[in-house]
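Participant: These protein sequence lines are chains A and B, in that order.
If you read the first sequence in my numbering, its first letter stands for residue 1, the second for the next number, and so on.
If you read the second sequence in my numbering, its first letter stands for residue 1, the second for the next number, and so on.
These are computed hints drawn from the structure, not numbers from a lab.
Just so you know, not all the hints are guaranteed correct.
Cross-link-like lysine-lysine pairs, in silico, DSBU-like; alpha carbons within 35 Å at most [what the hints assert, rightly or not]:
{"no.": "1", "chain 1": "B", "residue 1": "K67", "chain 2": "A", "residue 2": "K78"}
{"no.": "2", "chain 1": "B", "residue 1": "K67", "chain 2": "A", "residue 2": "K99"}
{"no.": "3", "chain 1": "B", "residue 1": "K67", "chain 2": "A", "residue 2": "K83"}
{"no.": "4", "chain 1": "B", "residue 1": "K67", "chain 2": "B", "residue 2": "K45"}
Where chain A lies over chain B, by a calculated footprint (3+ residues, C-beta under 8 Å) [as the list claims (entries may be wrong)]:
{"no.": "5", "stretch": "17–28"}
{"no.": "6", "stretch": "99–105"}
Small disclaimer: the values here were computed from a predicted structure and weren't measured.
C-beta: ideal position from N, C-alpha, C; glycine also.
What follows is each chain in one-letter form.
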Amino acid sequence: EAGVTQSPRYAVLQEGQAVSFWCDPISGHDTLYWYQQPRDQGPQLLVYFRDEAVIDNSQLPSDRFSAVRPKGTNSTLKIQSAKQGDTATYLCASSRDWKNTLYFGAGTRLSVL
Amino acid sequence: QQKVQQSPESLIVPEGGMASLNCTSSDRNVDYFWWYRQHSGKSPKMLMSIFSNGEKEEGRFTVHLNKASLHTSLHIRDSQPSDSALYLCAASYQGGRALIFGTGTTVSVSP
């Protein structure tokens, strides 16, 4: 079984630039999560979907971040105007439903200069 | 205030020794506790989960849960250098929210 696939692996930006992260979850997993993990901290939930519907985006900075999962499979997380404080690893995870084990992708390590 | 609190922040354990990690939820509506392990530069992987009061053992790893005190602990016996990692406690809450993670405990096993 293929795991969760994320791209790109790394991104380096200047403040104010935009960036998109892409995630392909495990086939059959209806729930998809985006977490932000600053260095030496635990993952912090940004948004999660069940199929194509957003279930919780209360922690997503809505003025600059957006996330979609249009067909209930792949998902894209976008930062419109990056700030230095956005420097972190962005992890995508999927599960069969919210009570099941989360499987994480390798993450995208973002540095904003 | 962090909803899931872990202690200690870091721990040095001699090879062959016992590591004990703690985790508490500040929200009484917790359903389940999970323990994930994250090696440096890698993504988190689920280690163990516990839903009921008591103890669960898998190999060298034992998890305890006391629901009344909203507390779980992870114990690693006969620690190996490969156990050096960030250990993350996570909780899921009634109402179907996604997992909330603590800030983690960094375990270093010294040969």
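Participant: None of the hints should be skipped; say for each whether it holds.
Facilitator: Right, here's what the structure says about each hint:
1. For the suggested pair K67 of chain B and K78 of chain A, the alpha carbons sit about 39 Å apart, so the restraint of at most 35 Å is broken.
2. At roughly 18 Å between alpha-carbon atoms, K67 of chain B and K99 of chain A fall within 35 Å of each other, so this suggested pair holds.
3. Restraint check for K67 of chain B and K83 of chain A: the C-alpha separation of about 40 Å exceeds 35 Å, so the hint is violated.
4. For a cut-off of 35 Å, the pair hint linking K67 of chain B to K45 of chain B stands: about 24 Å separates their Cα positions.
5. Look at the stretch 17–28 of chain B against chain A: 0 of its residues bring a Cβ nearer than 8 Å to a Cβ of that chain, fewer than three, so the hint is violated.
6. Residues of the stretch 99–105 of chain B with a Cβ under 8 Å from some Cβ of chain A number 6, which satisfies the need for three, so the listed coverage holds.
Violated hints, in rising order: 1, 3, 5; the structure is consistent with all others.
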